[in-house]
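A.B. asks: Use these hints to put chains B, C and D onto chain A, whose structure you have.
Chains as they are written, first to last, in the working numbering: chain A, 6 to 382; chain B, 6 to 382; chain C, 6 to 382; chain D, 6 to 382.
Read the hints as simulated data drawn from the structure, not as lab findings. There could be a bad hint or two in this list.
Copies of the same chain look alike in the list, so a pair counts if it fits in one copy or across any two.
Below, computed lysine to aspartate or glutamate pairings styled on EDC-like, alpha-carbon distance capped at 20 Å [stated by the list, open to error]: (1) K75 to E127; (2) K75 to E324; (3) K75 to D37; (4) K351 to E159; (5) K75 to E174; (6) K351 to D166; (7) K351 to E66; (8) K75 to D320; (9) K75 to E44; (10) K41 to E79; (11) K41 to D56; (12) K41 to E336; (13) K41 to D155; (14) K75 to D56; (15) K351 to D162; (16) K75 to D34; (17) K351 to E170; (18) K351 to D68; (19) K41 to D296; (20) K75 to D123; (21) K41 to E31; (22) K351 to D55; (23) K351 to D56; (24) K351 to D123.
From a predicted model like this one, the values you see are computed outputs, not experimental measurements.
4 protein chains.
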Amino acid sequence: MDPRFTFGLWTVGNPGRDPFGGPTREPLDPADSVRKLAELGAWGVSLHDDDLVPWGTAAAERDRIVARFKSALEESGLGVGMATTNLFGHPAFKDGAFTSNDRAVRRAAVGKAMRSIDLGAELGAEVYVFWGGREGTEAAVAKDPRDALDRYREAIDVLADYVVEQGYELRFALEPKPNEPRGDMFLPTIGHALHFIGTLNRPEMVGVNPEVAHETMAGLSFVHGVGQALWAGKLFHIDLNAQRIGRYDQDFRFGAEDLKEAFLLVRLLERAGYEGPRHFDAHAYRNEDPDGVWEFAAGCMRTYLALAERARHFDSLPEVREALSAAGATELAQPTVDGSGPDDLKAEADALDALAARGYANERLDQLVVDVLLGVR
Amino acid sequence: MDPRFTFGLWTVGNPGRDPFGGPTREPLDPADSVRKLAELGAWGVSLHDDDLVPWGTAAAERDRIVARFKSALEESGLGVGMATTNLFGHPAFKDGAFTSNDRAVRRAAVGKAMRSIDLGAELGAEVYVFWGGREGTEAAVAKDPRDALDRYREAIDVLADYVVEQGYELRFALEPKPNEPRGDMFLPTIGHALHFIGTLNRPEMVGVNPEVAHETMAGLSFVHGVGQALWAGKLFHIDLNAQRIGRYDQDFRFGAEDLKEAFLLVRLLERAGYEGPRHFDAHAYRNEDPDGVWEFAAGCMRTYLALAERARHFDSLPEVREALSAAGATELAQPTVDGSGPDDLKAEADALDALAARGYANERLDQLVVDVLLGVR
Amino acid sequence: MDPRFTFGLWTVGNPGRDPFGGPTREPLDPADSVRKLAELGAWGVSLHDDDLVPWGTAAAERDRIVARFKSALEESGLGVGMATTNLFGHPAFKDGAFTSNDRAVRRAAVGKAMRSIDLGAELGAEVYVFWGGREGTEAAVAKDPRDALDRYREAIDVLADYVVEQGYELRFALEPKPNEPRGDMFLPTIGHALHFIGTLNRPEMVGVNPEVAHETMAGLSFVHGVGQALWAGKLFHIDLNAQRIGRYDQDFRFGAEDLKEAFLLVRLLERAGYEGPRHFDAHAYRNEDPDGVWEFAAGCMRTYLALAERARHFDSLPEVREALSAAGATELAQPTVDGSGPDDLKAEADALDALAARGYANERLDQLVVDVLLGVR
Amino acid sequence: MDPRFTFGLWTVGNPGRDPFGGPTREPLDPADSVRKLAELGAWGVSLHDDDLVPWGTAAAERDRIVARFKSALEESGLGVGMATTNLFGHPAFKDGAFTSNDRAVRRAAVGKAMRSIDLGAELGAEVYVFWGGREGTEAAVAKDPRDALDRYREAIDVLADYVVEQGYELRFALEPKPNEPRGDMFLPTIGHALHFIGTLNRPEMVGVNPEVAHETMAGLSFVHGVGQALWAGKLFHIDLNAQRIGRYDQDFRFGAEDLKEAFLLVRLLERAGYEGPRHFDAHAYRNEDPDGVWEFAAGCMRTYLALAERARHFDSLPEVREALSAAGATELAQPTVDGSGPDDLKAEADALDALAARGYANERLDQLVVDVLLGVR
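Next up, chain A with everything else stripped away, as it sits in the complex:
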């Protein structure tokens, strides 16, 4: 099956605002984005409630906007891969949404999420994402993290119940991020989110939506993180982009940074049979004009496909299979203990000195990755 590429309305629609300057591009009409993405070969789009229906829109106008958007989707044949709630833009969320210290804000956040879930269901979204953009602190003393996690869990539990009660088909995916816009955010990594899911009332309904940029900000291996999510059966969605470690949230074009990691990620997704959307949560550089936005969007898909092809080629090479074998890569899938008792195992510890000589051919294997990436093999 061809990978299904999706883009957030806010990605191609990003106007280029940043903390030090205003917009450099005009806003896009969501219906125009849909048409243009279809032309470029995308499978679908994703959206926040406010991307489509600006906060404060009256009910009648809301319905008109949604109907018009659904028409555009139908005409262009695009699907909706994912929907989510904007719980970070409104100034009332400045201290958090589900974990605001103000109970009335928390209740409003849950209510806004319910309205937005209705919209997502109406549009046929497969997955419903929660990114806790404001769930965190700068002054850590202001929130006991245990209380914050209680409130976070309560909100997700209530919303999962809501989905079930409404008979919606949605699954949830939590999107971790370590910091920005808050100094430190709750559920900062894939690991924290996976653990949190295990504490929910309906854990089976909730997975993760990891993002390249978010794990990379903290310098964590994205491939290992996605690996743990796949291992847990919890990769419900994925956000593809590029980022340098230890920086502001860059959301660059997929593949624009760290090609080797991007290659290993694509290889892992393809080999694992991940079937969800390949979702680009990225935006064009701020110094692009509207044409540059579509170069950006095309580039994301182009690089994914090129990396998928390189991954297939890599795995087809005899010298790669040989190097993987010299590295013992396949041996790692074999059980270690397999029924042996403590006495045997303790005795085998004495083999350590003899086992130290073996080399693992990692230089050879990694150079093969580089060779394949550079197209010289």
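C.D. replies: Below, chains B, C and D without anything else, positioned relative to chain A:
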């Protein structure tokens, strides 16, 4: 209850070797370390198997060493807070221990851990720690992370069974670390470890041993991470030291970096009623002589006690209680939804515009932390 | 002399906008900021051209605004510590100002800086700052860094000539930053800026304006960086705030992060006799209301004064003098070679083995810093 | 001219020791390394004094070792690209070498450097490198950075005089590094080193030796840094390897991380006509056996050559030339002001609004880099 301070034998015994230079201090006799730590007011020690009994020691000599060490403990009145296996020093572990690509190495690692658990139980350790120092990759292509997690889980499951079968009282604590000595390590953060524990056969027997330096290397909030571990009932042990973000593993004296975070950590541990050892996994600067080592050890405990006193003082101040209230810190403990239905909550979302005006007094509150830390309040 | 505290108009006037949400506070009238800062005990203010006179203001209105601002300064007795040009906010600067690939933009940038220098001179600013907020790249291939440095130098040379020709008293200070809002910025650190200054036509007229947050983003020691600037006689101005390593630009309240580094910085500035403004380039947390802004401003000054007092106290303690001596801190000021010839020095290398035993008492000394910071000594 | 590849004796000879484990490979005889590197196509080697002549070797033995090494060089036809002093391994350097607080250590360091310079000159090294591995602090209070820079400068000045007095042909190159093995090191970046060179007595004799890993640890753009060094005429030597941002010093095989940055670096070096050695300061992964070491060495050169070929191909493509032009990349080489006076320039500032619409085609251009890297164009 007074906090129980413990030190690893390898901490005060650290000879000052680093990647660019050899030792600057003589090795210490573990029995001498025990006596000196008792003098300084520590409650106990912790150890790797090889710290006490060098790898390759014959059985009779091993027994003599252990007996002598137990005598030193008894004489000085020190306890053993924690024991662990050195699964990283031997060259055979260069590709991993429980997740080495070589099955024979994995089996030897499990066997070495069993032997070491026997030693820990003999010495009366409360907690048995697993730090996967070599479980990771530089060339990520060499290990499928899903296989690695399978093997990691298998090893912990087998060892937990072993403890139960032997009738030992030990609980396990997993110690996460993002990188160093491997390029990327499996179970890189508290969150990943907590999730992994939930996949084990005996999850109730296993908790985490978070370390200040390890989460801080990745720039994650240690207070939030420990908060999630406490929230999960999984803080079985803790490693205290100091570290700058984004650097090699520094293991500085507790409190030597980021005093505010150290204050908030001590406050959290004391308020949460954490009863385990306050374990210092740190070492003296390499340019210290033996006297400096004991200045280092005394400083760790001195700073912890000073911060605990400052935390109590902070919480006793009326202006702090007022600022916490203005921040809504206590309001976060109140349930958000409390039985309200979707219709009510959706309607309350309309309150957002009105809720935006409120300030959260975080500057006032955080300045109170600084004032208290600096002793000016 | 009491330290002269200054605040940027844009600091207390920061409306709380960030990449994920709009403003949370109303804009402040600069004249009101001046009055309020005077009340709180500040010595003066600093400003970008556009902070006072919005871009596009007609000449007559510009003069009215400036006159009104000068009245407010006079009435409140505040001075202008520093002025600077906003060369980052206008969308035309999206590819750079002095190093934009578009020559017309570069010329407009130089022209805007000249206009703004006129304003700074009119307001009596002591120092004129250049922060190259847009001078950099995301796609490094788009600019040869050697060309960019040529253009940067040309702009500063032309502007320095302009100042001399106009007979203004201004000195320039370059403000380095590693990244954000650009992926990578030219002159990323104090060191790069100091070197660049040495290549200018009027190097004596140009110094640096280091900022805590900027060096800290890259994990560099701010104290060492400021030390090198002082050593070079180039510390013309300084931006005080707080930041965690490896994150988005946080601009927190001075002292809110890394109290030990803040202490060492204040101690260095006070001991070195730095006479320029102590300029706070920071802003209140986004979840503050207008009252919180003034808590923030007061806190910056309060912490500086507390740290200056702690530094004096530290240096007055006999045990500190003793520890500094044991560390050899004063011995570092003595020349090493002092006329000795190669033969003597080569022979003295043989002393290395004997010299290895000495300890440097750094644990003792650093613990004294912590003790003094915590007010327990 | 073909690029001249060199390897440090310590790189292929690295035994795989790290902070958590001992060596995994036997030491290599320098003469064997020379022969093997010649076979693989290297141009030469580099060395620390102690790599060849272990510290403490008697004079006669020293001469024998050197003679044997020179024979090996002659037989294999290899040159010596660079020599340097090991001023970090001996325990006496634990508080610094040229900036140790102990004056006797500083003198011994200068003497050891003189002896080592003699060796470098005898072996015909082109460049003499200074890496201040121990010049720094963990406890910053222990050294006034201004004193440290005085001592650093004094040492380099004395040694430059020594070279001139001896009539050696050597040029010096300073190698910056931000941290590790010290908490914070003096001259942490290329910029700091370039500035420092400007303060020396013989600045013309001294340049820099930047290392990929060192700038990357701090998250700085290596391409921009090398660009500033080239711009200053100060790129005397270069250390090639690979590193992830914000980690321990990894010294991976060149090209093993961040292929785009490696591509841009090679393109810059080749276009700038850099004629010095392409020096690999890297080592094989610790889990390699001896064969893996030579895979590693071959991979470094192979990737450099592949990237140089890709760079030539990139610059030959018409679509690249077009995209560079659309980006204005060549326009940046044109002077900005070119004799225009202030009145003209101020007037041209009004053009900003009109100039804002232009796009800079950076997405297109950067995607071309990715396409070329992946061999799909």
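A.B. asks: Each hint: holds or not?
C.D. replies: Here's how the hints hold up against the structure:
no. : hint         : verdict
1   : K75 to E127  : within (9 Å within a copy, 59 Å between copies)
2   : K75 to E324  : neither (50 Å within a copy, 38 Å between copies)
3   : K75 to D37   : within (12 Å within a copy, 50 Å between copies)
4   : K351 to E159 : between (47 Å within a copy, 16 Å between copies)
5   : K75 to E174  : within (18 Å within a copy, 62 Å between copies)
6   : K351 to D166 : between (50 Å within a copy, 15 Å between copies)
7   : K351 to E66  : between (73 Å within a copy, 18 Å between copies)
8   : K75 to D320  : neither (41 Å within a copy, 46 Å between copies)
9   : K75 to E44   : within (17 Å within a copy, 58 Å between copies)
10  : K41 to E79   : within (14 Å within a copy, 58 Å between copies)
11  : K41 to D56   : within (17 Å within a copy, 39 Å between copies)
12  : K41 to E336  : neither (47 Å within a copy, 32 Å between copies)
13  : K41 to D155  : neither (43 Å within a copy, 41 Å between copies)
14  : K75 to D56   : within (14 Å within a copy, 44 Å between copies)
15  : K351 to D162 : between (46 Å within a copy, 16 Å between copies)
16  : K75 to D34   : within (13 Å within a copy, 46 Å between copies)
17  : K351 to E170 : between (55 Å within a copy, 15 Å between copies)
18  : K351 to D68  : between (70 Å within a copy, 17 Å between copies)
19  : K41 to D296  : within (11 Å within a copy, 47 Å between copies)
20  : K75 to D123  : within (14 Å within a copy, 56 Å between copies)
21  : K41 to E31   : within (16 Å within a copy, 38 Å between copies)
22  : K351 to D55  : between (61 Å within a copy, 15 Å between copies)
23  : K351 to D56  : between (61 Å within a copy, 19 Å between copies)
24  : K351 to D123 : between (59 Å within a copy, 11 Å between copies)
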